[in-house]
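Enquirer: Protein sequence lines correspond, in order, to chains A and B.
If you're matching positions, the first sequence starts at 1 in our numbering and goes up one per residue.
If you're matching positions, the second sequence starts at 1 in our numbering and goes up one per residue.
Hints are computed from structural coordinates only; laboratory data are not their basis.
All C-beta atoms, glycine included, are put in the ideal place defined by N, C-alpha and C.
Each hint should be verified, as a subset may be incorrect.
Derived DEER-like restraints, expressed as beta-carbon distance ranges [claimed, not checked]: (1) Y179/A / S56/B: 52 to 62 Å; (2) R153/B / G112/A: 39 to 49 Å; (3) K126/A / P130/B: 16 to 26 Å; (4) Y179/A / G311/B: 38 to 48 Å; (5) P27/B / K85/A: 48 to 58 Å; (6) D354/A / R308/B: 43 to 53 Å; (7) T120/A / D114/B: 39 to 49 Å; (8) G112/A / R169/B: 44 to 54 Å; (9) A205/A / G311/B: 38 to 48 Å; (10) K124/A / P160/B: 36 to 46 Å; (11) S180/A / V383/B: 23 to 33 Å; (12) S180/A / R308/B: 30 to 40 Å.
There are 2 protein chains.
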Amino acid sequence: MKNFEFCNPVRIVFGKGKIADLDRLIPENAFVLVLTGGGSVKNNGVFDQVTMALKSRKWEEFSGIEANPDYDTCMKAVERIKEKKIDFILAVGGGSVIDAAKFIVAAACHNGSDPWDIVTGQAKIKTALPFGSVLTLAATGSEMNAGSVISRRSIGAKLPFASEKVFPRFSILDPETTYSLPSHVSACGVVDAWVHVLEQYLSHAIHAPLQDRQSEALLLTLLEQGPKLMENPNDYDVRADIMWCATQALNGLIGCGVPQDWATHMIGHELTAAFGLAHAESLAIVLPALLRVRKEHKKTKLEQYGRRVLGVDDAGDPAEAAIVATEVFFKRMGLGVRLSDYGIPLEAVSMVADILDRRGFRLGEDRAVDGAMVRKILVMASVPENL
Amino acid sequence: MKNFEFCNPVRIVFGKGKIADLDRLIPENAFVLVLTGGGSVKNNGVFDQVTMALKSRKWEEFSGIEANPDYDTCMKAVERIKEKKIDFILAVGGGSVIDAAKFIVAAACHNGSDPWDIVTGQAKIKTALPFGSVLTLAATGSEMNAGSVISRRSIGAKLPFASEKVFPRFSILDPETTYSLPSHVSACGVVDAWVHVLEQYLSHAIHAPLQDRQSEALLLTLLEQGPKLMENPNDYDVRADIMWCATQALNGLIGCGVPQDWATHMIGHELTAAFGLAHAESLAIVLPALLRVRKEHKKTKLEQYGRRVLGVDDAGDPAEAAIVATEVFFKRMGLGVRLSDYGIPLEAVSMVADILDRRGFRLGEDRAVDGAMVRKILVMASVPENL
Chain A
1 MKNFEFCNPV
11 RIVFGKGKIA
21 DLDRLIPENA
31 FVLVLTGGGS
41 VKNNGVFDQV
51 TMALKSRKWE
61 EFSGIEANPD
71 YDTCMKAVER
81 IKEKKIDFIL
91 AVGGGSVIDA
101 AKFIVAAACH
111 NGSDPWDIVT
121 GQAKIKTALP
131 FGSVLTLAAT
141 GSEMNAGSVI
151 SRRSIGAKLP
161 FASEKVFPRF
171 SILDPETTYS
181 LPSHVSACGV
191 VDAWVHVLEQ
201 YLSHAIHAPL
211 QDRQSEALLL
221 TLLEQGPKLM
231 ENPNDYDVRA
241 DIMWCATQAL
251 NGLIGCGVPQ
261 DWATHMIGHE
271 LTAAFGLAHA
281 ESLAIVLPAL
291 LRVRKEHKKT
301 KLEQYGRRVL
311 GVDDAGDPAE
321 AAIVATEVFF
331 KRMGLGVRLS
341 DYGIPLEAVS
351 MVADILDRRG
361 FRLGEDRAVD
371 GAMVRKILVM
381 ASVPENL
Chain B
1 MKNFEFCNPV
11 RIVFGKGKIA
21 DLDRLIPENA
31 FVLVLTGGGS
41 VKNNGVFDQV
51 TMALKSRKWE
61 EFSGIEANPD
71 YDTCMKAVER
81 IKEKKIDFIL
91 AVGGGSVIDA
101 AKFIVAAACH
111 NGSDPWDIVT
121 GQAKIKTALP
131 FGSVLTLAAT
141 GSEMNAGSVI
151 SRRSIGAKLP
161 FASEKVFPRF
171 SILDPETTYS
181 LPSHVSACGV
191 VDAWVHVLEQ
201 YLSHAIHAPL
211 QDRQSEALLL
221 TLLEQGPKLM
231 ENPNDYDVRA
241 DIMWCATQAL
251 NGLIGCGVPQ
261 DWATHMIGHE
271 LTAAFGLAHA
281 ESLAIVLPAL
291 LRVRKEHKKT
301 KLEQYGRRVL
311 GVDDAGDPAE
321 AAIVATEVFF
331 KRMGLGVRLS
341 DYGIPLEAVS
351 MVADILDRRG
361 FRLGEDRAVD
371 GAMVRKILVM
381 ASVPENL
């Protein structure tokens with residue numbers, strides 16, 4: 001086990017009817033900015049539950065946070081906060097709205113330099129406004145971590161930042177808020193959580209038997225409950241399991257003391273940026289290809305993953321069988337596993353590899369994934385499945 | 001899944017050499033009271049590492065916190081803190097020292113009523129001095145939770161209290177600090193952690209597949225690494241696994257959204273109070289007996305536990321086979337599993353049952369364990385193993 005530090009102070013308030021607890025969780029004299037995305041929280045009753053729970057508190061809404069939240073939109077919220085002297089932010093939505101809140105609470109307290117410096121890491125966050133979240137989509141884990149990804153379309157950038165100052169004070173996780181999600185969005189959440197676990201689990205092998213089993217606990221539960229979600233979208237137990245899995249897939253715990261990969265995410269981000277694929281769609285394409293290219297390096301863990309999670313037996317090539325079983329799961333959740341499934345041309349291979357090459361990234365738990373290996377991975381992601 | 005709330009802000013700093021990080025974790029201008037138990041931290045080098053890391057900070061030692069920390073001892077530390085205007089407490093030791101610190105930091109800020117009211121729950125803790133811990137024994141989990149058990153020998157009391165105000169600010173977990181523990185103490189820590197998990201896992205069955213698997217992850221790791229600890233007490237990996245398991249066995253996570261039992265602990269406490277058994281020794285006696293008496297009620301989970309953790313097959317009476325396998329594990333760790341293993345007479349049965357009867361406790365996840373059932377459990381704990 002490697003040395004590690006773990007600290008996660010987010011208060012999780014989980015269950016049916018818990019939005020009403022906002023009254024207990026937000027200071028009585030707070031002036032609240034309710035941050036929302038599109039209109040879905042207006043249509044499914046969540047926004048009404050929120051405003052009712054705020055009681056006599058002064059509040060305003062700031063709506064229109066987009067998927068892959070944009071810097072310019074966030075800065076409009078920051079302006080409003082400063083102008084109106086708002087002192088508490090409540091993010092109501094999925095990972096994009098929560099990610100936006102993390103930037104906004106830091107930028108609202110930022111002085112001196114360009115707020116974009118927060119995202120690039122050139123400015124250290126010294127303080128931030130307090131914020132909480134009401135989660136309406138089980139996927140990114142942003143509700144219980146200190147990370148955020150902000151896009152700035154005007155300069156073609158999409159960058160992550162992290163700071164303990166932007167942990168949510170609390171996150172309310174009511175599984176019922178996810179009943180009304182489109183089926184494909186729910187499925188993407190399951191795949192997103194799955195790949196979050198694999199980025200922290202499927203590295204070269206080191207001695208960390210507890211972390212391995214904690215990752216497998218999440219995977220086995222997602223594997224078991226994910227397909228049930230497709231059949232019974234209004235099953236409370238299933239929604240609750242998926243929600244608690246997605247939160248824990250990226251709250252830092254399973255990554256304690258182990259090597260982490262994240263190359264699938266970095267390559268996937270470029271596919272999203274270039275071709276508009278949903279985040280999980282990009283992951284479902286890149287992951288199997290990456291695992292094939294890195295099969296020897298990850299062999300021990302791939303075989304363990306196959307045996308313990310996917311029920312793969314030891315005959316033949318168990319590492320390859322684990323990759324195939326992963327693809328079967330992704331397809332069962334309705335996602336494609338090849339670039340061609342989304343009509344992405346072969347030219348994408350060189351284009352994305354060139355972008356990562358120019359950025360000088362060396363990805364993977366051992367920094368071995370360079371431009372040439374990205375090219376190999378994307379070629380692999382273009383090979384038809386029956387070959 | 002039941003509704004739940006989870007919040008655990010303790011910063012875990014884990015690994016070899018991490019005691020040096022105290023310099024980063026404790027405010028530079030703090031006046032520190034270093035709280036210790038007996039002399040073991042003086043003999044194994046831990047105390048020297050601590051005082052070196054404190055650098056130029058002003059500090060004093062308060063030593064002599066006993067196993068099952070006593071109210072009167074703790075109050076002496078409180079007096080010293082008030083007299084010297086000490087403003088940071090550093091607990092260096094196992095669960096007893098950390099439990100003592102939790103009471104001391106609250107009592108040092110308590111005004112108005114008798115500080116014993118903190119322990120009885122008659123006074124709410126409004127504020128507490130900040131404290132951190134350097135853990136030297138993997139067992140109780142106190143290093144990452146908000147609970148404490150304080151004894152008051154002068155009135156024959158031993159009571160638990162809990163408050164979010166007494167979470168440690170940080171806990172340093174360096175597995176190397178546990179190398180020098182006596183073998184039986186290490187073994188007791190493993191059994192203590194094991195029973196902490198079972199109290200939250202082995203209830204009647206409800207739908208909580210992730211929590212089940214997270215509990216099983218801890219059990220499988222303890223089962224695998226525990227016996228290795230007996231053979232290779234200086235194996236870093238094994239010590240690290242056990243330490244991280246014990247912390248997570250009682251940090252609140254696996255108990256989220258599930259019923260919890262804790263009757264084994266309550267009955268075990270009385271055996272400890274009356275006969276001086278070590279905490280884990282009492283648990284290893286009570287648990288198998290309790291599981292036998294409650295076999296029908298806990299059948300589904302007992303069978304799952306047997307199948308997934310202990311490798312028990314489905315033939316015959318798999319619930320009973322799981323209990324027997326549990327006893328085998330405890331004995332492998334060198335603990336007894338019957339009252340007679342520690343020479344405790346049959347009269348103990350009535351005595352302990354009467355005490356719990358008088359207290360009017362109704363124990364277990366369904367409050368079904370009354371005095372009569374405690375009697376049955378302790379009779380069961382007296383039945384020779386070969387019957």
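Enquirer: Honestly, do T120/A and D114/B meet the 39 to 49 Å range at C-beta?
Expert: 56 Å, violated
Enquirer: Should the hint that K124/A and P160/B are 36 to 46 Å apart at their CB atoms be regarded as holding?
Expert: Hint holds: Cβ distance 41 Å, inside 36 to 46 Å.
Enquirer: Just tell me: holds or violated, for the beta carbon distance of K126/A and P130/B against 16 to 26 Å?
Expert: 21 Å, holds
Enquirer: Starting from the range 39 to 49 Å, see whether the pair R153/B and G112/A falls in it by beta-carbon distance.
Expert: The hint (39 to 49 Å, Cβ to Cβ) is violated, given that R153/B and G112/A are roughly 59 Å apart.
Enquirer: Taking 43 to 53 Å as the stated bounds, is the beta-carbon spacing between D354/A and R308/B within them?
Expert: Distance hint for D354/A, R308/B holds at roughly 48 Å.
Enquirer: 38 to 48 Å was suggested as the range; check whether the CB atoms of A205/A and G311/B agree with it.
Expert: Once the Cβ atoms are compared, 23 Å apart, the range 38 to 48 Å for G311/B and A205/A is violated.
Enquirer: Does the Cβ pair S180/A, V383/B satisfy 23 to 33 Å?
Expert: Since S180/A and V383/B have Cβ atoms about 57 Å apart, the given range 23 to 33 Å is violated.
Enquirer: Regarding Y179/A and S56/B, is the given constraint of 52 to 62 Å on their beta-carbon distance met?
Expert: 59 Å, holds
Enquirer: Given the hint of 30 to 40 Å, check if S180/A and R308/B actually sit that far apart at their C-beta atoms.
Expert: 35 Å, holds
Enquirer: Given the hint of 38 to 48 Å, is the C-beta distance from Y179/A to G311/B inside that range or not?
Expert: At 39 Å between Cβs, range holds.
Enquirer: Would you say the C-beta atoms of G112/A and R169/B sit inside 44 to 54 Å of each other?
Expert: With a Cβ separation near 30 Å, G112/A and R169/B fall outside 44 to 54 Å, so the hint is violated.
Enquirer: Just tell me: holds or violated, for the beta carbon distance of P27/B and K85/A against 48 to 58 Å?
Expert: 31 Å, violated
The structure is inconsistent with the numbered hints 2, 5, 7, 8, 9 and 11, although it conforms to all the rest.
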